[in-house]
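Chemist: Construct the entire structure; sequences and hints are all you get.
So the protein sequences, as listed, match chains X and E.
Position one of the first sequence corresponds to residue 47 (the numbering used here), numbered consecutively onward.
Position one of the second sequence corresponds to residue 30 (the numbering used here), numbered consecutively onward.
Be aware that one or more of the hints could be misleading.
[Claimed, not checked] With beta-carbon atoms standing in for the labels, derived distance ranges: (1) E:Glu206 to X:Glu362: 22 to 32 Å; (2) X:Arg250 to E:Gly320: 56 to 66 Å; (3) E:Arg298 to X:Phe113: 30 to 40 Å; (4) X:Gln407 to E:Glu91: 47 to 57 Å; (5) X:His338 to E:Tyr348: 47 to 57 Å; (6) X:Lys340 to E:Asn80: 17 to 27 Å; (7) X:Arg239 to E:Asp127: 28 to 38 Å; (8) E:Asp169 to X:Gly83: 53 to 63 Å; (9) E:Asn129 to X:Lys340: 47 to 57 Å; (10) E:Asn80 to X:Arg239: 25 to 35 Å; (11) X:Ala372 to E:Asp70: 46 to 56 Å.
No lab work stands behind these hints, which were simulated from the structure alone.
Glycine included, every Cβ here is placed at the ideal spot set by N, Cα and C.
Spelled out, the chains give:
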Amino acid sequence: MMLDAPPAPDADLDHRPAQDGAACLAIIDGDVHPAPGALADLKPYMSARWWEHLTTYGTRRRHGMSFEPYPKSAPRACRRDAWPEGGGAPGSNLDLIRSQYLDHYGIAFGILGPLGITGQSEINLDFAAALASAVNDWQREVFTRREPRLRSAIVVPYEDGAASAKEIDRCAPDPAYAQVFMLTRSAEPAGNRRYWPIYEAAERNGLPVALHVFGASGHPYTGTGWPSYYVEEGAGHSTSCQTVVTSLVIEGVFERFPKLKVVIVEGGFAWLAPLSWRLDKLYERMRGEVPHLKRRPSEYIREHIWVTTQPMEEPEDRRHVLDMMAWIGWDRLLFASDYPHWDFDDPFRAFPAGLATDRTQQILTTNAKAVYRLP
Amino acid sequence: MSDDWTGAIDCDFHPRAPTPRDLSRYMDEHWRDAVETRGIDAWDSIAYPANAPLTIRPDWREAGADEDPVAAAKVTLDRFGFAHAICNCLFPVQAFRDENLGAAFARAVNDWLAAEWLAKDARLRGSVVLPIQSTERAVDEIERRAGDPRFVQVLMLAFGEHPLGKSRYWPIYAAAERHSFTVGIHAGSSYHHAVTGSGWPTYYLEDYAAQSQGFHTQLGSLIAEGVFVKFPRLKVVLIESGVTWLPPYLWRLAKFWRGVRNEVPWIDRSPEAFVRDHVRLTAQPFDAPSGAEHIGRLMDQLQSDTMLLFATDFPHWQYDGDAMLPPGVSPALRRKILIDNPLATYPRLERSP
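Modeler: Right under this line is the structure:
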C-alpha cells in the first residue's frame, strides 16, 4: 500500500484561526461535551417525581461511585482555560463555547455527546430513562436551538432496549438530533440482542449510533480486574472499543441491520486495523460457530464502522500512523476534538505532518457528512 | 535459508493438558483422596474446547501429535531440528477458587511435566505453572523449581483476579529475578471475571479475539505500577498475544503518560523504552493481512529486532504447512527470532543441561 508523498511544509496550517470564511475547511467535530452549569439546569425537563428522586437518592451507577472511579488529572478532566469566568462547568457557557471553540476554529458543526448525569450507567432503569429524556430536551433547548452549529445527540438508557427505542422515536423527528449516543462499557457486549431495539430504531430513523468511551458495565473495567491508575484507564479505553466492534460484527448486527452506521468515539483508532486482521483470521478458522455471518469481519467493519481521531495517535515515527490510517480506510476516519476536555485535539495541529491536504479535508469534513444527520 | 529451522527455540509449545487423575498420581495422599472423593474427574476451562478447530491443527489432531513427547517431536523438533521447545501446560490451575487446591494442582502439574515430558526428551524445557491465587504459594512453587535447570520460565495467564503489576504480585517478580526465571504471560483466563470489561461475549471466537485485551491490561499494569523500575533485570514474554496490537496500544499508553505522568512519578521513561528493555512477544499468532509488504511495515512499528521470539504454538492451529513465521522476514531478522532473541530472553536456557 502506497502512502501519499508528504506535501510541502505549510507554516500557515499551524494553528490558523479561521477568519477567512469560505477559504477555511468547514470542520465537523464528532465529539463535543456540553455540561449543565448546575444540576438544576435539568430540572425544567424532569417530572417532579424524578427530580425528587435525583435530589434525594442521587445517581446509583454500576461501579459504585457517584462520578468516576478514577480521579482525573485535572478538575472534571477539562482544559483549565475552559472554565467560564462567571462560574459553571466547562461546556456550559454558550458564549465561551462560541468564542473559544466554534468561532476560533471555524467549526461548521460540533456533534454533542453529553456525559456525566445522563442516565447512562444508572442501575435504576426507569430513572435512567427519565434522565436521558431530560438531557435530550436540555441539549436541544440550551444548545442546538440557540446555536445551530451544535447538533444534539439522542442519549439512550441503553440497558433498556425498549425504552431506548422509544426515546429515539420520540426525539428523531426533530432535525436538531444528529446521532444516537451510547457508551462503550455496557453491561453486556454491545452486539448482544438486548441492544438490538436501539440499532433497529436508529436504522429506522436514519441516524448513526455513536459509542463513546466510558460507562460502567457492572464488571471491572478489564477482564482481569481493576487497574490502579487513570493512565491505565485512559490507555485502556481502546480495549472497550474493541469489545464493541467485535461484538457488533460477530453477533451479526450488520446482517440484521444492513443500513446501520456506527461511530466509535474517543478511543483513538489505530487498534482497529489489528483487530480486523485478528477477526478475519479467527473467522477463517471458526466460521462454523457463526454461520449467520455472510462476509469476513473486516468487510462489515469497512462498511459500517467509523472511528474518530481523538486522541490522535502519536507514534515516534509518523509514518506508522499514516500506515494505520491507510489500512483502516481514509473514508472511515472522523475528526473529533473532545472539547472542553484536557486532551482536546486542535484541528490544525493534531494531524501528523505529511498528511496530504485532501486526506485532511476528508477527515475534517467530507467523511462526517456521510455519517451524521446534518442540516 | 528460508526453510532452515535448525537450532530454533520454540517458545510456545503445548503438551496435551493432563486430566485431574493423571495429576493425582503426583499428589500426596490428602489431595489424591480429594480428587477421588470429591469426584474431580474433569477440570476443563472454556479456553480451548477439545474439538474446536483452533485447539489442534487437523493433521496433528489426526496423528495424536500432542499426546506424548515422541509423537510431538516427530512433527516439530525432529522434523525441523529445533534445539529446544518450551512447554507451557494449560491445565487450568488458575481457575480454582480455593488456593489450596490451586497450589496442590500447580505443584502436581509441574511434577507431571518434569516426569512425563521434560525427562523424556532432553530438548524440552518447561514453564513453572504458578498457583496465582496466592502470591506466597506461587513464590513457594518458584523456589521449589529453582534448582531444576529444565524449568526456564514462570507462567501466568493474561486474565486473572487483578492486573499483574499490582504490588501484591511483586514477591513473584522478586523470586523470578532472583533465580533468573523469565516471566511468561500466556493467553487464557482464570475466568474469575468476565472476559471483557463489558461482560461475557457470546461466541468462542469473540473470547479468543478478546485475549489480546488481557495483554493490553497486563502490559499497562506492569509499566504503570513500576514493576520494571523495581525489578530492572526482569524479562516478560507475552505468549500467543497476536503481536500487532502492541504498537497502537503503546502509542496510547505513551501519549496518555505524557499527559498525566504526575500520577505515576516513578515512571521515569516512556513506556516504549520499558517495552524495548523488558518485554518480548512470541511471533505466533501474528495478526496481519496477507502479503510480505504489509509484514515489513508492521515489523517496522515494533522499532526493534529483539522483540519477537519464535513459537509454533503447537498444537494450536495458527498456521498451515510450514509457515511458522510471517512472510517477508529478512534472513538476519529470522536468525534473531529463531535463536538469538530466545537465548537473550531466557537466561536459564544457557545454563540448562
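Chemist: Now tell me if each hint is right for this structure.
Modeler: Verification of the supplied hints:
no. : hint                             : result
1   : E:Glu206 to X:Glu362: 22 to 32 Å : holds, 29 Å
2   : X:Arg250 to E:Gly320: 56 to 66 Å : violated, 40 Å
3   : E:Arg298 to X:Phe113: 30 to 40 Å : holds, 32 Å
4   : X:Gln407 to E:Glu91: 47 to 57 Å  : holds, 56 Å
5   : X:His338 to E:Tyr348: 47 to 57 Å : violated, 27 Å
6   : X:Lys340 to E:Asn80: 17 to 27 Å  : holds, 25 Å
7   : X:Arg239 to E:Asp127: 28 to 38 Å : holds, 35 Å
8   : E:Asp169 to X:Gly83: 53 to 63 Å  : holds, 59 Å
9   : E:Asn129 to X:Lys340: 47 to 57 Å : holds, 50 Å
10  : E:Asn80 to X:Arg239: 25 to 35 Å  : holds, 26 Å
11  : X:Ala372 to E:Asp70: 46 to 56 Å  : holds, 53 Å
Comparing the model with each earlier hint shows violations of hints 2, 5; every other hint is respected.
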